[in-house]
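Protein chains in written order, with UniProt numbering: chain U, 1 to 424; chain D, 1 to 424.
There's no promise every hint is true.
In this list, chains with the same sequence are indistinguishable; a pair is considered to hold if it fits within one copy or across any two.
Unchecked claim - Listed below are the simulated EDC-like cross-link pairs for lysine to aspartate or glutamate, each with C-alpha atoms no more than 20 Å apart in a straight line:
id	residue 1	residue 2
1	K390	E140
2	K282	E140
3	K114	E231
4	K232	D78
5	K162	D101
6	K195	E113
7	K320	E231
8	K379	E65
9	K162	D193
10	K220	E419
11	K287	E309
12	K195	E291
Worth flagging that the hints you see were computed from the coordinates, not collected in a lab.
There are 2 protein chains.
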Amino acid sequence: MSYKANDPSLKSWVSVPENSDFPIQNLPYGIFSTKEKSPRAGVAIGDHILDLTEIQSAQLLNDLELPDRVFDRPVLNDFMDLGKEVTVPVRERIAELLNRDNQELQGNDQLREKALIPQAEATMHLPIRVGDYTDFYSSESHATNVGTMFRDPENALLPNWKHIPVGYHGRASSIVISGTPLHRPKGQTIEPDAKQPDFGPSKRVDFELEMAFITCGGNKLGDSISTKEAEKYIFGFTIFNDWSARDIQKWEYVPLGPFLAKNFGSSMSPWIVTYEALEPFKVAGPKQDPEVLPYLKFEGNYHFDVELEVAIAPKESTEKVVTHSNFKHMYWNVAQQLAHHTINGCNINTGDVYASGTISGPKEGAFGSMLEIAWKGTKPVKMSDGTERKFINDHDTVIMRGHGLKNGVRIGFGEVKTEILPAK
Amino acid sequence: MSYKANDPSLKSWVSVPENSDFPIQNLPYGIFSTKEKSPRAGVAIGDHILDLTEIQSAQLLNDLELPDRVFDRPVLNDFMDLGKEVTVPVRERIAELLNRDNQELQGNDQLREKALIPQAEATMHLPIRVGDYTDFYSSESHATNVGTMFRDPENALLPNWKHIPVGYHGRASSIVISGTPLHRPKGQTIEPDAKQPDFGPSKRVDFELEMAFITCGGNKLGDSISTKEAEKYIFGFTIFNDWSARDIQKWEYVPLGPFLAKNFGSSMSPWIVTYEALEPFKVAGPKQDPEVLPYLKFEGNYHFDVELEVAIAPKESTEKVVTHSNFKHMYWNVAQQLAHHTINGCNINTGDVYASGTISGPKEGAFGSMLEIAWKGTKPVKMSDGTERKFINDHDTVIMRGHGLKNGVRIGFGEVKTEILPAK
Numbered sequence: 001m002s003y004k005a006n007d008p009s010l011k012s013w014v015s016v017p018e019n020s021d022f023p024i025q026n027l028p029y030g031i032f033s034t035k036e037k038s039p040r041a042g043v044a045i046g047d048h049i050l051d052l053t054e055i056q057s058a059q060l061l062n063d064l065e066l067p068d069r070v071f072d073r074p075v076l077n078d079f080m081d082l083g084k085e086v087t088v089p090v091r092e093r094i095a096e097l098l099n100r101d102n103q104e105l106q107g108n109d110q111l112r113e114k115a116l117i118p119q120a121e122a123t124m125h126l127p128i129r130v131g132d133y134t135d136f137y138s139s140e141s142h143a144t145n146v147g148t149m150f151r152d153p154e155n156a157l158l159p160n161w162k163h164i165p166v167g168y169h170g171r172a173s174s175i176v177i178s179g180t181p182l183h184r185p186k187g188q189t190i191e192p193d194a195k196q197p198d199f200g201p202s203k204r205v206d207f208e209l210e211m212a213f214i215t216c217g218g219n220k221l222g223d224s225i226s227t228k229e230a231e232k233y234i235f236g237f238t239i240f241n242d243w244s245a246r247d248i249q250k251w252e253y254v255p256l257g258p259f260l261a262k263n264f265g266s267s268m269s270p271w272i273v274t275y276e277a278l279e280p281f282k283v284a285g286p287k288q289d290p291e292v293l294p295y296l297k298f299e300g301n302y303h304f305d306v307e308l309e310v311a312i313a314p315k316e317s318t319e320k321v322v323t324h325s326n327f328k329h330m331y332w333n334v335a336q337q338l339a340h341h342t343i344n345g346c347n348i349n350t351g352d353v354y355a356s357g358t359i360s361g362p363k364e365g366a367f368g369s370m371l372e373i374a375w376k377g378t379k380p381v382k383m384s385d386g387t388e389r390k391f392i393n394d395h396d397t398v399i400m401r402g403h404g405l406k407n408g409v410r411i412g413f414g415e416v417k418t419e420i421l422p423a424k
Numbered sequence: 001m002s003y004k005a006n007d008p009s010l011k012s013w014v015s016v017p018e019n020s021d022f023p024i025q026n027l028p029y030g031i032f033s034t035k036e037k038s039p040r041a042g043v044a045i046g047d048h049i050l051d052l053t054e055i056q057s058a059q060l061l062n063d064l065e066l067p068d069r070v071f072d073r074p075v076l077n078d079f080m081d082l083g084k085e086v087t088v089p090v091r092e093r094i095a096e097l098l099n100r101d102n103q104e105l106q107g108n109d110q111l112r113e114k115a116l117i118p119q120a121e122a123t124m125h126l127p128i129r130v131g132d133y134t135d136f137y138s139s140e141s142h143a144t145n146v147g148t149m150f151r152d153p154e155n156a157l158l159p160n161w162k163h164i165p166v167g168y169h170g171r172a173s174s175i176v177i178s179g180t181p182l183h184r185p186k187g188q189t190i191e192p193d194a195k196q197p198d199f200g201p202s203k204r205v206d207f208e209l210e211m212a213f214i215t216c217g218g219n220k221l222g223d224s225i226s227t228k229e230a231e232k233y234i235f236g237f238t239i240f241n242d243w244s245a246r247d248i249q250k251w252e253y254v255p256l257g258p259f260l261a262k263n264f265g266s267s268m269s270p271w272i273v274t275y276e277a278l279e280p281f282k283v284a285g286p287k288q289d290p291e292v293l294p295y296l297k298f299e300g301n302y303h304f305d306v307e308l309e310v311a312i313a314p315k316e317s318t319e320k321v322v323t324h325s326n327f328k329h330m331y332w333n334v335a336q337q338l339a340h341h342t343i344n345g346c347n348i349n350t351g352d353v354y355a356s357g358t359i360s361g362p363k364e365g366a367f368g369s370m371l372e373i374a375w376k377g378t379k380p381v382k383m384s385d386g387t388e389r390k391f392i393n394d395h396d397t398v399i400m401r402g403h404g405l406k407n408g409v410r411i412g413f414g415e416v417k418t419e420i421l422p423a424k
């Protein structure tokens with residue numbers, strides 16, 4: 001599909017700094033509040049937010065089949081629930097309003113003043129009421145690295161891995177927005193060869209560099225969504241830090257999977273970049289061998305060329321970038337993930353979150369977790385202040401960023417930034 | 001704690017048939033609709049439902065700090081969210097109104113007529129908007145049976161099992177109410193020694209006999225709930241059928257746990273029996289050896305003597321009871337489950353569901369799944385129509401029931417009844 005709003009030649013009358021994540025071709029949705037007004041929906045443009053409640057009140061979004069005050073809500077769910085028949089034209093209309101040739105908003109001093117809010121004056125909020133949260137495990141390099149470290153380098157991937165986009169259910173309640181600090185979790189761990197577990201703060205808190213997609217609409221329980229239909233249900237993407245306590249996980253995860261090692265918190269970037277804005281960044285994925293079952297076959301590209309990086313900033317020190325990866329380093333794509341998730345009739349809903357699993361590139365320097373970067377603690381990473389890290393220390397802040405760049409257009413995600421506080 | 005509403009000598013002016021699950025000492029909450037009126041909250045009494053919207057409108061629940069029309073909602077979440085300071089006195093007041101000595105409702109012909117609805121004329125609805133759903137694995141006999149069948153009879157329990165109330169996250173979206181048929185899931189399975197998985201309808205659809213508790217209120221992310229505080233957060237219980245596709249699970253569950261084997265549907269009984277109504281049925285659990293970590297220690301009893309049974313009715317045949325178990329056959333209790341769930345700071349909310357895991361008693365005849373009852377297919381079970389079952393066939397209806405019985409008072413759960421339809 002091609003969208004007018006993606007045209008690289010478009011320019012906005014709102015000033016967009018060089019290297020901004022938010023040119024007119026992006027227009028990601030978020031929920032923000034200001035000192036004066038409670039949380040509501042907006043789109044990012046340059047260093048500003050366009051307040052969609054003001055735009056709708058001013059009758060600039062008429063004829064788009066929008067319910068009254070649909071943006072005047074603390075989450076985007078009601079808007080997303082309208083489906084792409086509505087949300088895609090809304091993005092196109094916003095691009096039109098922000099286009100330098102358009103005077104409807106640009107020429108209305110009073111409205112412009114009210115509707116354009118500096119991001120620096122806004123507080124961002126979790127943009128969705130999360131229904132269910134699923135975490136996949138879809139990067140071959142990550143699964144191979146973990147299998148090599150903990151099992152057998154010769155058989156690093158488990159037998160099901162190339163047949164199934166392996167996934168599991170995570171905790172929806174503890175998904176938080178960028179900027180929300182998290183306490184180091186306490187829990188049970190066990191020393192090698194010990195008979196009894198210990199209890200205390202995790203010693204191996206780790207980030208996992210992931211992307212997440214968020215669904216709009218859904219299927220009825222019992223129905224399935226094909227790979228072909230999948231994109232109709234994918235509203236957009238965020239960067240996602242799937243925090244993990246490696247030592248807690250190791251002891252608890254057999255046989256039913258990770259639980260307390262994960263559910264102390266997962267962090268999400270505040271802006272949902274639409275599926276449509278990422279359209280130009282679609283690329284082919286790896287050849288899948290062995291051949292996948294028919295319900296996992298697909299036509300077209302569902303991988304995305306989005307550069308990702310992770311930095312760590314110790315308390316009172318500058319950040320150090322510890323990895324560069326890319327969302328294209330996935331074996332299973334989003335269409336396959338959604339088709340697999342629903343092949344048994346599982347129903348999905350607006351506001352459900354699906355994280356990719358740790359995105360590791362094939363080479364050192366592109367790994368998506370400290371477990372892999374510091375290779376199980378054998379290769380500590382030097383920070384800006386000279387200290388070393390095998391995992392994440394108290395008061396470290398982990399920052400993830402991502403963007404696609406093509407034809408001079410940079411579609412960015414902003415960042416997800418989280419400080420780890422000491423255990424409570 | 002003792003509650004006036006639990007007094008065995010109480011009798012209602014509403015007729016309660018012998019062996020009814022719903023005497024005046026129970027008063028479970030549900031959501032129902034009638035031909036005339038949309039879903040709203042009620043309590044079960046005998047064969048009737050007391051419409052709480054009518055009772056509140058008639059000013060009979062004044063002075064209880066209830067928000068206006070709090071029962072006139074399609075789910076109980078807003079009511080439950082008020083906390084036990086409010087919900088416990090409401091149950092006491094309802095018991096007072098239904099007491100044969102009380103004339104406030106009994107003596108008001110017009111109101112009584114409107115407020116008492118025969119259950120036969122009502123449709124029940126899922127009573128809560130489910131936040132997160134967690135499934136535990138807390139019955140020692142079940143875990144031992146599974147470990148014996150699939151691993152090693154000598155080491156049937158995994159090393160973590162007696163230290164951790166093992167649990168994992170399940171799918172909230174596909175929790176359905178009793179009476180909702182479910183389609184047999186399709187998915188990947190693999191034959192022993194095969195190199196490639198097959199695809200098709202599951203051949204091993206199984207029930208899991210569980211109880212679930214539902215929380216009211218919650219902790220802030222980062223805080224924990226102690227075993228002592230746990231009961232403040234447990235609103236009540238239902239019977240829960242955690243449907244499982246054994247063949248799909250076997251292939252998919254390593255290393256991150258069950259996913260499509262479970263999320264095609266989980267079935268819940270319609271009435272939430274309050275924690276307070278179950279108070280008289282508290283019993284001691286088994287001695288826990290090895291000693292548990294301090295955060296899992298508790299005082300008092302948090303096991304419940306609730307008799308459970310499962311019946312299977314093939315299409316056009318009568319039901320056959322295939323097992324008798326009891327909720328007391330748990331190793332880990334509900335206070336320990338909640339303390340464990342939050343020890344890492346994971347936040348819980350009103351409307352979250354926590355299933356017990358399959359409840360198997362220690363002996364044959366008390367197992368909680370077909371996997372165990374038919375012992376991996378080696379001991380098929382005869383149905384009323386003469387056919388045999390190793391697992392569940394298309395058009396079989398599985399019915400679970402439960403009740404406590406003490407001092408002549410029967411506190412029952414009604415039933416959860418689900419037909420398995422052919423794969424779509």
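Can you tell me if K195 and E291 fall within 20 Å by alpha carbon in one copy, between copies, both or neither?
Between copies, since 12 Å is at most 20 Å while 44 Å is not.
Intra- versus inter-subunit Cα pairing at 20 Å for K162 with D193
between (33 Å within a copy, 17 Å between copies)
Which holds for K287 with E309 at a C-alpha limit of 20 Å: within a copy, between copies, both or neither?
Neither, since 25 Å and 51 Å both go past 20 Å.
20 Å Cα threshold - placement of E65 relative to K379:
neither (56 Å within a copy, 60 Å between copies)
Give the relationship of K114 and E231 under a CA distance limit of 20 Å: within one copy only, between copies only, both, or neither.
neither (35 Å within a copy, 49 Å between copies)
Indicate which option fits the pair K282, E140 if close means a Cα-Cα distance not exceeding 20 Å: within, between, both or neither.
Answer is within: at 19 Å inside a copy they meet the 20 Å cutoff, but 50 Å across does not.
Measure nothing new, just compare the shortest in-copy and cross-copy C-alpha distances for K220 and E419 to 20 Å and report within, between, both or neither.
between (39 Å within a copy, 17 Å between copies)
Using 20 Å as the alpha carbon limit, work out where K320 and E231 are close: within a copy, between copies, both or neither.
neither (36 Å within a copy, 46 Å between copies)
How would you label the pair K390, E140 (within, between, both, or neither) given a Cα cut-off of 20 Å?
Answer is neither; intra-copy 22 Å and inter-copy 38 Å both fail.
My question is about K232 and D78: at a cut-off of 20 Å on alpha-carbon distance, are they close within one copy, between copies, both, or neither?
Answer is within; shortest intra-copy Cα gap is 16 Å, inter-copy 33 Å.
Tell me, please, which holds for K195 and E113 at an alpha-carbon limit of 20 Å: within, between, both or neither?
Neither way: K195 and E113 sit 66 Å apart in one copy and 65 Å across, limit 20 Å.
Go through the copies and call it for K162 and D101: within, between, both or neither, with a Cα cutoff of 20 Å.
Answer is neither; intra-copy 50 Å and inter-copy 69 Å both fail.
Checked against the numbered hints given earlier, the structure breaks hints 1, 3, 5, 6, 7, 8 and 11 and satisfies all the rest.
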